[in-house]
Amino acid sequence: MSLKTNAILIADNDDVATGIVAFAKGEVGRYIKDGKIREVILTEDIPKFHKFAVRDINKSEFVCKYGEIIGEAIADINKGSYVHDHNICSPKVR
Amino acid sequence: MNTRGDNMKFLGYRRPDGTVGIRNHVLILPTVGCANETCRIIAQQLQGAISLVNQNGCGEVAGNTKITQNVLAGLAANPNVYGTILVGLGCEPNNVNSMTEIIAARTNKPLKALIIQEEGGTVNAIRTAVRLGQQMIQEASSCCREEADISELMLGIECGGSDATSGLAANPIMGCVSDMLIDLGGTAMFSETPEIIGAEHVLANRAVCPETRKRLIAACRHCEDELSNVGESLRSGQPSPGNKAGGITTLEEKSLGCIHKGGTRPLMEVVDYAQRPTQKGLVYMDTPGYDLLSVTAKIAGGCQLIVFTTGRGNPIGNPFAPVLKVTANRDLFIHMNDNLDMDFSAVLDGEKTIKHMAQDVMAEILKVSNGKMTKTEIYGFGFTETVMSRMCNYI
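The listed protein sequences derive, respectively, from chains A and B. The first sequence begins at -12 in the numbering used here and counts up by one. The second sequence begins at 1090 in the numbering used here and counts up by one.
Chain A with its partners taken away, still in its complex shape (with noise of 0.2 Å):
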């Protein structure tokens, strides 16, 4: 089995990875963080260059990709699901 990375984690504080593959459901997405390897499994299928999550996000959490926030969960997310517009969206303003 390849230990190579198939996804990128850009700052090490992100809530989401991208996927440099496109994964199908039950596959292992690998990022570095904090200079060792980590693992997630992915509990849906995830076009090439689109996020995963890293850790379980609620609702209305802020969400972190290049260490700043990039928008906002409208749903829980859990570690290992497809991120995008179903699920979050631009922070509102507060």
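It should be emphasised that the hints constitute simulated quantities derived from the structure, not laboratory data. Incorrect hints may have been included.
[What the hints assert, rightly or not] Simulated crosslink set (EDC-like; lysine to aspartate or glutamate; CA at most 20 Å straight-line): (1) B:K1461 - B:D1238; (2) B:K1333 - A:E31; (3) A:K79 - B:E1289; (4) B:K1444 - A:D21; (5) A:K(-9) - B:E1440.
[Said to hold, decoys possible] Output of the computed footprint for chain A on chain B, the stretches with three or more beta carbons under 8 Å from beta carbons of chain A: (6) 1332 to 1339; (7) 1344 to 1352.
We put the beta carbon where it would ideally sit given N, CA and C, even for glycine.
Model the placement of chain B on the given structure of chain A, informed by the hints.
For chain B alone, coordinates are given in the frame of chain A:
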């Protein structure tokens, strides 16, 4: 090589105005579109001369004339230019006398001028200019490269023809390069205001002072107002359906991918279109997103070198400065190899870290600064590729 400062020297051309060039061009500069063909023929006759297509210089409102003059003077003052031969027609508002004054106020590099109507037409003007140019090229080619510190470099960072790999790897790598260069005392400049909107607050929070912060936000508001005046909006329909299909979910995410090429260091200064910065470190220039135009503006602002990230492929170059083309899309690197200098895809594959790739870019920047030619230079792409901004139509 490391990034602590050892061996971070390059061999450049010291100019009398204190700047350091990495190329040594003689510029044949048309003050007005009517002089373009004359300048093209002059530059073709002279090994080591460059020219550009100037669409402007006449039929302009005062605001546009000022833009034309700023860009032309900035290009003449670019450190990669040894000296300039100005060629005017004779009846244009942006005439040789005013351009001479404006250029001389910015730089004391060699400057000659002639006027087509006074010389007795195109052929006579070409004869005079070619002889002036021959002398200037003899002088220019007598210059020797001297050791200069990397802190003398002003790097322009551009992205165009982006795809998902641009925001994921190429721009973050360039952000790391920007940080490394700034930590060594150099300057990194990025621009393209329409593309930072949505993430301008992130950049504004890095502003070194309230004035710089205000200036950045004002540039974004001005850009949005200009568009709304003609019934357009940047925010509606963003991210585009193509962006979403490519994996981008929100405008914030799209713009963050873009501003990532500006790294993480404090934003020292926001400069107007084509203006030379007064500060070192990270500088933002307020330009449109049109690549030919924003590359031209950064070079007019003094950048000696441009690194250009792309994902879909982009062929542009520039007569004044090397344009180093980089991509993290391996298929593109193979498919459009004649247009690309560096392949960043090892970062996406996890074979190399962003930092290691950024160190490779720093090493390549030093080589290109020492004289190694980029593909755009070798093939002669970008021989006349300069574009200027306009505030309204011609008159």
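Results of checking the hints against the structure:
no. : hint              : verdict
1   : B:K1461 - B:D1238 : holds, 17 Å
2   : B:K1333 - A:E31   : holds, 18 Å
3   : A:K79 - B:E1289   : holds, 16 Å
4   : B:K1444 - A:D21   : holds, 13 Å
5   : A:K(-9) - B:E1440 : holds, 8 Å
6   : 1332 to 1339      : holds (count 5)
7   : 1344 to 1352      : holds (count 3)
Going through the hint list in order, the structure satisfies each hint without exception.
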